[in-house]
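Student: So the chains spell out like this:
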Amino acid sequence: MHASDNLAEADRLTTVCNSCRYCEGLCAVFPAMEMRRAFDDGDLNYLANLCHGCGACYVDCQFSPPHEFDVNVPKVLAQVRGDSYRAYAWPGFLQPLFDRNGMAISIVAALSVAIFILGFVLWHDPDVLFTDGGNFYRLMPHNVMAGIFLAVTAFTVVALTMGFRNFWRDIGANGLKGEDTPSLWQAIKDASSLRYLDGGGVGCYNEDERPTDRRRIYHHLTFYGFMLCFAATTAGSVYHYLLAMPAPYDWYQLPKLLGTLGGIGLIAGPIGLLVAKFKREPDMLDTARLGMDTGFILMLLLTGLSGMALMLLRVTPAMGILLALHLGVVFALFLSMPYSKFVHGLYRFGALTRYAIERRAGH
Amino acid sequence: MDRDAIDVLVVGGGNAALCAAIAARRAGRSVLVLEAAPKFYRGGNTRHTRNMRCAHDAATDFLTGPYTEDEFWDDLYRVTEGHTDEALARHMIALSKPMLNWITEQGVRFQPSLGGTLSLGRTNSFFLGGGRAMLNALYLTAEKLGVEVHYDSPVLDFDIEGGQCRSVTARIDGEMRTIRAKSVVAAAGGFEANIEWLKEHWGPPADNFLIRGTPYNRGDILKRLLEKGIAPVSDPTQCHAVAIDARAPKFDGGIITRLDCVVFGIVVNKNAQRFYDEGEDFWPKRYAIWGRLVAAQPDQIAYIIFDAHSLELFMPSLYPPVTAETIARLAEKLELSSEALTATVNRFNASVREGTFDHTVFDDCRTEGLDPPKSHWARRLEQPPYYAYPVRPGITFTYLGTKVDKQARMQLAGGGSAANLFAAGEIMAGNVLGRGYAAGIGMTIGSVFGRIAGEEAAKHAR
Numbered sequence: 238m239h240a241s242d243n244l245a246e247a248d249r250l251t252t253v254c255n256s257c258r259y260c261e262g263l264c265a266v267f268p269a270m271e272m273r274r275a276f277d278d279g280d281l282n283y284l285a286n287l288c289h290g291c292g293a294c295y296v297d298c299q300f301s302p303p304h305e306f307d308v309n310v311p312k313v314l315a316q317v318r319g320d321s322y323r324a325y326a327w328p329g330f331l332q333p334l335f336d337r338n339g340m341a342i343s344i345v346a347a348l349s350v351a352i353f354i355l356g357f358v359l360w361h362d363p364d365v366l367f368t369d370g371g372n373f374y375r376l377m378p379h380n381v382m383a384g385i386f387l388a389v390t391a392f393t394v395v396a397l398t399m400g401f402r403n404f405w406r407d408i409g410a411n412g413l414k415g416e417d418t419p420s421l422w423q424a425i426k427d428a429s430s431l432r433y434l435d436g437g438g439v440g441c442y443n444e445d446e447r448p449t450d451r452r453r454i455y456h457h458l459t460f461y462g463f464m465l466c467f468a469a470t471t472a473g474s475v476y477h478y479l480l481a482m483p484a485p486y487d488w489y490q491l492p493k494l495l496g497t498l499g500g501i502g503l504i505a506g507p508i509g510l511l512v513a514k515f516k517r518e519p520d521m522l523d524t525a526r527l528g529m530d531t532g533f534i535l536m537l538l539l540t541g542l543s544g545m546a547l548m549l550l551r552v553t554p555a556m557g558i559l560l561a562l563h564l565g566v567v568f569a570l571f572l573s574m575p576y577s578k579f580v581h582g583l584y585r586f587g588a589l590t591r592y593a594i595e596r597r598a599g600h
Numbered sequence: 012m013d014r015d016a017i018d019v020l021v022v023g024g025g026n027a028a029l030c031a032a033i034a035a036r037r038a039g040r041s042v043l044v045l046e047a048a049p050k051f052y053r054g055g056n057t058r059h060t061r062n063m064r065c066a067h068d069a070a071t072d073f074l075t076g077p078y079t080e081d082e083f084w085d086d087l088y089r090v091t092e093g094h095t096d097e098a099l100a101r102h103m104i105a106l107s108k109p110m111l112n113w114i115t116e117q118g119v120r121f122q123p124s125l126g127g128t129l130s131l132g133r134t135n136s137f138f139l140g141g142g143r144a145m146l147n148a149l150y151l152t153a154e155k156l157g158v159e160v161h162y163d164s165p166v167l168d169f170d171i172e173g174g175q176c177r178s179v180t181a182r183i184d185g186e187m188r189t190i191r192a193k194s195v196v197a198a199a200g201g202f203e204a205n206i207e208w209l210k211e212h213w214g215p216p217a218d219n220f221l222i223r224g225t226p227y228n229r230g231d232i233l234k235r236l237l238e239k240g241i242a243p244v245s246d247p248t249q250c251h252a253v254a255i256d257a258r259a260p261k262f263d264g265g266i267i268t269r270l271d272c273v274v275f276g277i278v279v280n281k282n283a284q285r286f287y288d289e290g291e292d293f294w295p296k297r298y299a300i301w302g303r304l305v306a307a308q309p310d311q312i313a314y315i316i317f318d319a320h321s322l323e324l325f326m327p328s329l330y331p332p333v334t335a336e337t338i339a340r341l342a343e344k345l346e347l348s349s350e351a352l353t354a355t356v357n358r359f360n361a362s363v364r365e366g367t368f369d370h371t372v373f374d375d376c377r378t379e380g381l382d383p384p385k386s387h388w389a390r391r392l393e394q395p396p397y398y399a400y401p402v403r404p405g406i407t408f409t410y411l412g413t414k415v416d417k418q419a420r421m422q423l424a425g426g427g428s429a430a431n432l433f434a435a436g437e438i439m440a441g442n443v444l445g446r447g448y449a450a451g452i453g454m455t456i457g458s459v460f461g462r463i464a465g466e467e468a469a470k471h472a473r
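Chains as they are written, first to last, in the working numbering: chain B, 238 to 600; chain L, 12 to 473.
Excised from the complex, chain B in its bound form:
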């Protein structure tokens, strides 16, 4: 017996797929399936998080809808995956945040922005929001800013770690050993290249049976844009504390250079992903979780947009509001990470690691 209808349906699909096997060259999910004959909930959650949703198996399957066998692997695994994010979330009483996730993320974001605006106003006088001059730290001292974000990051790291622990235990994986290093390296390569979002080599399938590689490109822009922004922030801290060079920076200095490049990625990437999401064949989507999917993408887009706007309009009267907006969005993004689609990256990386280990074990 399975814990949910979605898991029961996923189990039914493993029976169909394991007696067919035509898709085994498309991605990691089907070879992982073939290593098993019986599937408990943990196995199914592992497969669901291994699936990148490229859609190739849907357009290639002779039994996909409207066939009476109704084999829809991308959709069912998306549903199981979404359920698993909720089940692994820590602490447990926050799991319902996944139920209406788009709404939850919006509320967190709006509240965060409001608190920053209110904070600036209460801390100083209201006029401070609209003075120009381009100095962030007049609005909020650097140490306070750093302190707030360090605290939220610490909480997020703990919550994400606990969530990952729940996932890792559920899928029945063991602790990593020294001999697993090549597998870990393999997983890093597979994750960073989105190897399994390529539909078996020609690109993923989105609106129909014509493959494109757009989603992979947009995801790369988003992910590497995010990492560049993160690097920009880190570089800023190094400049500030170690080199005693406080902001603002010139365009050619690392914080600005990395942040600009990252910001462009973090704007172009999410827009592309959103467009692809709304063009996607509805039958392949877990439509119940559209709010979670779009909520997270929108948060990333807002991060990119507000950051770039802040940089461009730093010396105008809009700076105060924009700073509050940007800090509020970034704060909300980090705070909501353990309860948003952000977790997909962690669990997928874990699943890829597990898969690499299984493959090396000689199955």
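Think of the hints as simulated: they come from the structure by calculation, not from any bench.
Small disclaimer: the values here were computed from a predicted structure and weren't measured.
Hints may contain errors.
List of simulated lysine to any residue pairs, SDA-like, C-alpha gap at most 25 Å [as the list claims (entries may be wrong)]:
#, chain 1, residue 1, chain 2, residue 2
1, B, 426, B, 468
2, L, 281, L, 380
3, L, 108, L, 75
4, L, 155, B, 426
5, L, 50, B, 447
6, L, 50, B, 520
7, L, 261, B, 438
8, L, 261, L, 207
Place chain L on chain B using the hints.
Tutor: Relative to the frame of chain B, chain L by itself:
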């Protein structure tokens, strides 16, 4: 521009049809493809295929070793027991060599042989993602080249005079039209889904047949062409029949309803009696006789019975086996006579001679003094739980076709060749495959003759 005038009309929408359409379009002709099935079911049996048998000189990324033309011919001769046209078959085999490259150029991708199919790793090229993926790639290429494709658009009649097809009547997107094509390629499959037609030769038992492919393989085009004076080829009564799970849907159950466990147990009919040597030969060489064997049993049903020893020795299939702790209880669940099944199993068990079981070789586990015997892999059914799969004949394809020459040109019943009518795929497979089957050969026939038909049709349409 006259929308009803076209250079090459292709009737059908599977591998052969698309290869013909692409080849003709690449030769610069305007091409219209009319597929009778809706888009999802396009391509007939191609959507259920997974590989193609082509001759090749050396191992490749996906093939483990060479497969010479002579070896291919030997295999074909063996499976057809000589029911083939040597000149035509050798022509096809020779052209199967460049086919691997050509089909790759049309967007089709390959992968190493699938799990559980190691025996085909040297001879057969497996499509990445299976037959529907292969079809999708061909359609995509055809569309990019400017081939016009219509679904739900059956061809209803041919106006043929003196071996010349003057026009074709079709219902295209719901509208009756008369298409004047300079050349016509018929690649519309066999008649395996036409139960009435099957009953002409098989009688009422055909009502109990299951059809492994789509309900659209009705043979309407084949029938019309034969009526209009095209010469037939091969045995009109025969079809390729295997034993598949009796719980499969009437149509389109495909590969996942097959059962590979006959050699591990015994097979009984509805009277709980055995009727054939289950261990006569390796399964890949014998699976194709079991459809016919079951078709000859009362009510066209049989049951594969095995025990816990064998459960994990074969590929899983869609439906779980019927399970019971005793043979008598198993019989009840199958609605067979408990006494009769118990007696059959006891008789079988008593006749099993000790041996060393090895399902990868002809082992020495056999029965003695039993009729029919089980010549290999005979082990007593003694380890509960006991399992059973009900099986029925599953029809894959039919052999009757239109006679063609090396240019894939249809031959006339009164002698001579049709001027502008070509055939490719299952509708003419009987020319080279008059009996039996070898994995992947249907796709070879489709691709090779599809390409020939397309090129010859294009030449004629100049």
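Student: All hints, please: hold or fail.
Tutor: Going through the hints against the structure:
no. : hint           : in the structure
1   : 426/B to 468/B : holds (20 Å)
2   : 281/L to 380/L : holds (23 Å)
3   : 108/L to 75/L  : holds (16 Å)
4   : 155/L to 426/B : violated (34 Å)
5   : 50/L to 447/B  : holds (14 Å)
6   : 50/L to 520/B  : holds (16 Å)
7   : 261/L to 438/B : violated (35 Å)
8   : 261/L to 207/L : holds (14 Å)
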